[in-house]
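Keeping their order, the protein sequence lines are chains A and B.
Position in the first sequence (from 1) plus 355 gives the number in the numbering used here.
Position in the second sequence (from 1) plus 2 gives the number in the numbering used here.
The hints are simulated quantities; they were obtained by calculation from the structure and are not laboratory data.
A portion of the hints provided could be inaccurate.
Stated by the list, open to error - Once the Cα atoms are required to be at most 25 Å apart in a straight line, the calculated DMTMM-like pairs of lysine to aspartate or glutamate come out as:
#: 1; chain 1: B; residue 1: 506; chain 2: B; residue 2: 495
#: 2; chain 1: B; residue 1: 822; chain 2: A; residue 2: 434
#: 3; chain 1: B; residue 1: 822; chain 2: A; residue 2: 393
#: 4; chain 1: A; residue 1: 437; chain 2: B; residue 2: 827
#: 5; chain 1: B; residue 1: 822; chain 2: A; residue 2: 447
#: 6; chain 1: B; residue 1: 822; chain 2: A; residue 2: 450
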Amino acid sequence: MKSVDDAASIGKFPAAVAVNMAAVLIDVNKTFRRGRDEVNALRNVSLQIHSRSFVAITGPSGAGKTTLLQVLGGIERPDSGKVCVGGKDIGELSEAERTVFRRRNLGFVFQFFNLLPTLTAWENVAVPLTLDGARRSVARTRAKEMLDLMGLAKRAEHHPRELSGGEMQRTAIARALISEPALILADEPTGNLDSETGRSVLRLLRQVVDDRGGTVVMVTHSLEAADVADRSIRFVDGVPLPA
Amino acid sequence: MILDALRSAWRHRFGSALGAIGIALAVALTVTVASLHSSLLGSIDRFSDQLAQGADVEVLGNVDGGVTEELAREVLGMEGVGVVVPMLTSQVIVDGERTILVGVDERVLALKGVFSSELLVRVVSNLEDGRLLFGPAFDAEMATVHEFYTAASGHQEISSAGVIEVAEARSFNGGRFVVTNLEAGRRLLHLPDRADSLFVVGDGSRSAHALASTVKEKLGGRAAVAQTGIRVDQVSAVADPIRLAILLAGSASFAIAGVLIFDAVAIGVERRRRELAVLRTIGATSRQLMLSFMLESSLVAIFGAVLGASAGLIMARITVSQLPPFLVSAFGVEIGFLPAWWSIPLTSLLGLVIAVTSAGIAARRITIISPAEAVRSADVSSLSEKQKSRLFLGGAGVLSLVLAALFALFEEEWTGVIAVMLVIIGIAGIASGVSSWFVAGATALAVRLPRIWLVTEAALRSSHRRTAVCATVIGVALTLVVMTDGLARNQVETMRATLEPLTKLPLLVDTSSGDEAPANVLFPDSWTTELDELAGVTVTGSGQFTFVIHKNDRVLFQGVSGPTSLAPVYALADTSVRDRIFDENAVIISTQFADRFHVREGSSFVLRTPSGPHTVEVVDIVPSASWPNGLVATSLERAQSWYARPGVSFIELAFDGTVPEDAAVAAVKEFTGQTGFPVYVVSGALQVDRTAAATVQATAALRAIELVVLIVMALVVLNAQVSMIWQRRREFALLRAIGGRPGYAAMTVLVEVAAVTLGAALLGAIGGVWAHRLASSIAESLSGFPVFYKWEFAGLFLIIPLTVVVACAGAAFPAYWVAKIRGVDAFSEE
Ligand SMILES: Nc1ncnc2c1ncn2[C@@H]1O[C@H](COP(=O)(O)OP(=O)(O)OP(=O)(O)O)[C@@H](O)[C@H]1O
Ligand SMILES: [Mg+2]
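All chains should be built: construct the whole structure from the sequences, respecting the hints.
See below:
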């Protein structure tokens with residue numbers, strides 16, 4: 356396990372560092388207000404995530420893990436600090452630009468799969484492509500290839516309700532991978548699966564890093580899952596600690 | 003229990019509000035129309051009551067002032083008759099306004115009305131000529147000298163001998179009356195020996211009904227005889243269409259209310275599915291859960307009913323005060339506000355039953371929720387239900403259209419009403435049955451949308467129940483709107499068509515403005531020669547309107563001066579036969595008269611007049627909107643002598659070019675201006691415009707119904723889309739998270755609404771065109787108005803886009819809302 360990189364120096368040489376960094380956070384703060392209470396979900400978080408690495412984020416509930424993923428994905432804006440993904444400072448992008456950025460450069464995997472129940476497996480996988488203007492025939496071919504890779508060739512025409520949990524999550528991973536993003540953000544991808552199925556999902560994510568040269572940031576509560584990662588970061592009260 | 007239901011209703015306030023609005027609308031519409039009806043009939047009924055409570059039978063002259071003392075003596079001599087009370091109740095003009103002149107003598111004490119007071123009789127019997135007792139509408143402080151006018155007497159000054167202050171007097175024609183003794187009244191009206199009606203009190207030996215038939219038989223048509231309340235019967239021709247409106251508006255809005263409640267509950271069940279599943283797990287029976295929904299809906303319905311009843315009463319109040327002058331002037335009775343209280347509990351109960359029933363039907367879905375769902379993940383639950391085929395609904399819709407066609411064949415009024423209802427139900431069924439085709443069509447189009455075809459498809463595929471609800475409501479709304487729009491347009495066109503000849507008349511001097519029924523007031527005959535002598539104008543014609551009683555119905559009798567007259571009824575008649583009215587006992591009648599009394603062209607019928615019976619031959623039948631019960635026209639000479647009424651109601655003028663037209667008009671106005679009561683000097687075209695404008699005003703009620711229907715439709719679309727978004731929130735959040743633009747989600751809402759609206763609107767338009775056809779024949783046979791059916795293409799062109807726009811407006815908020823959903827929601831479970 357590597358220690359948390361010293362991020363303070365990065366600010367001075369962002370271009371040089373960004374080349375082999377999938378994502379960099381510098382002094383990121385995020386506070387939520389609930390009535391009078393303030394929750395510091397992220398406190399002065401500085402992190403570097405190397406390209407082609409598998410990073411596990413662990414920590415107790417409410418520590419700010421999901422918030423970290425949302426900030427990395429440009430879904431939440433940090434209150435302060437800098438977020439660079441793939442060498443781009445996404446803080447400088449407009450809302451619309453960040454949307455397109457997510458579409459082309461990021462893949463998401465969720466605990467509750469989030470498949471569109473009315474679409475078949477291949478259609479679910481094809482959604483990111485269609486958002487980018489792909490034609491039906493192209494989208495279908497690519498989606499089916501992707502499902503094939505996930506071992507779901509026979510399930511392409513099934514609706515989510517006809518799939519098992521593991522199959523649903525593998526479909527979701529296929530969807531996350533279809534636009535060949537550099538960075539995959541997974542929030543407890545095995546949280547809703549039994550341990551055997553969970554393991555196969557972890558294997559798939561591992562392959563993404565090893566075989567396809569992707570980067571995975573995965574939030575997990577499971578120690579076993581964290582073991583698959585190259586590096587594990589523990590969050591407590593919005594602060595990353597070396598695991 | 004009730005507290006829980008209230009809390010739950012509050013928690014789902016949008017759906018609750020929609021349900022409440024539905025019930026409120028239905029109750030409000032029905033209460034309004036029912037109260038309008040009861041105000042109309044009640045005021046007239048009260049008029050009779052105030053006048054002659056206690057009378058068993060009323061004998062009404064064939065024309066105003068058409069009963070003689072001789073007739074009174076004859077009736078008094080009949081078996082079973084105890085007392086006969088002759089009374090004058092004539093329309094006169096006092097200070098330029100229509101007023102009722104009541105004439106009584108001591109015989110009135112046998113009755114129990116406002117005028118049956120010894121004091122009053124004593125006062126009026128001692129009145130010197132030129133002095134009258136005034137009703138409470140005349141201020142006691144006011145000038146004691148008043149302008150009095152009738153055609154026969156011309157102008158006179160009269161003075162007030164006092165004002166009647168008793169409370170009941172206010173409700174007799176709104177207090178707008180003057181009283182004198184019978185003899186003085188006769189002198190004032192130049193009707194020696196006459197009365198307007200005889201009130202007969204039986205000697206107790208037989209029932210009022212038997213007495214009426216005895217008197218009727220003996221009089222043999224020389225006068226109209228009826229049990230009191232004859233005036234109420236006479237107004238029924240006008241009131242019937244209102245009854246039809248109660249039936250249609252009421253049932254349509256109750257149906258819509260049912261759909262709204264169903265919608266709200268079905269969505270409530272869907273939203274609370276997990277919550278319900280948990281309750282099932284911990285031991286609640288589905289019966290208990292269903293009951294809780296029904297209780298909640300009934301509370302919502304009660305709230306809606308209270309709201310609707312109050313709104314209905316207010317609306318009725320306003321409507322009554324704004325009744326078209328046409329109605330008010332025709333019966334010479336002030337229409338007061340008399341709410342139909344009975345309609346409130348009745349409609350509230352109906353609303354409650356409908357709410358509970360539709361809630362029950364919608365809540366039936368609870369029985370298919372299994373406790374197991376509580377432990378399943380959120381994704382799967384909402385879609386686990388199979389999309390049922392709704393084709394059977396479409397089939398039922400087609401069947402009901404077929405039934406409608408069969409019912410329409412019978413051409414009875416009630417079968418017509420049923421046919422219209424069946425068309426509406428049929429369109430609802432078909433729209434709901436084939437709504438999945440609209441979705442399929444939209445999906446087929448959606449795949450061609452760049453970038454978002456799968457997103458749109460996803461939305462459309464989840465939408466069967468939702469689109470069915472929207473399609474049904476939109477289909478029904480369109481059917482109603484196209485129908486009422488067609489009726490309204492036809493009515494205005496018809497009015498114009500029947501008055502068309504008047505547009506060629508340069509100048510008209512009239513006793514009534516175009517938006518009133520012809521008045522009982524007349525100009526002196528001398529006016530025709532005097533006006534002719536004015537520089538710049540020549541009199542081309544004149545005529546008289548008189549209300550007469552024909553077979554117990556109040557019909558309009560018209561006299562036409564000569565062949566140069568442009569009076570529509572004459573001008574529209576066949577030129578080869580119409581002049582026979584000047585030479586022989588021949589008449590031109592209106593289509594309504596022909597229809598009502600079953601008279602055909604070339605046939606003859608007998609007119610009972612004060613001068614005796616006259617057999618007249620019908621030379622032509624023309625459409626006329628002048629009076630719903632029917633119009634009979636002959637020469638002016640006959641009209642005046644048969645009914646012993648000198649004077650004219652209107653004078654037609656042409657410019658002779660000797661002086662500028664402005665100057666000629668000014669001269670005419672100056673001449674007529676001395677009268678002190680309203681005289682209308684206008685071009686024929688303007689008079690027609692006024693009538694048309696009044697008709698447009700009268701169709702405002704139809705327009706209001708259209709507006710309400712469209713608003714409800716937009717609300718249904720809004721509700722359906724909001725609940726859809728609520729259910730699919732996480733999907734939309736996911737789309738945002740993985741890089742979908744906010745606009746994509748909004749687009750799916752609009753695509754769906756546009757597709758469903760367009761499909762349902764086309765269906766509804768077809769239904770509407772048919773319902774319009776059916777309704778116009780019902781309206782015609784009910785009202786007697788010869789509403790020409792013409793299918794209104796222009797309306798459709800306007801309404802279909804309007805509907806799509808309104809529906810999309812209903813979808814605008816949901817579309818805005820869905821665009822606001824953020825990607826973060828994809829990370830949490832609920
Ligand atoms: N939109 C929000 N509004 C208010 N508070 C929020 C919001 N999102 C997150 N929080 C709070 O911020 C803190 C961090 O939340 P976050 O979801 O990142 O935790 P987490 O580490 O993912 O926890 P878990 O392991 O339970 O998923 C929590 O206290 C949470 O309640
Ligand atoms: Mg979390």
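Each hint tested on the structure:
no.	hint	result
1	B/506 - B/495	holds, 17 Å
2	B/822 - A/434	holds, 20 Å
3	B/822 - A/393	holds, 24 Å
4	A/437 - B/827	holds, 23 Å
5	B/822 - A/447	holds, 21 Å
6	B/822 - A/450	holds, 12 Å
Taken one by one, the earlier hints all hold for this structure without exception.
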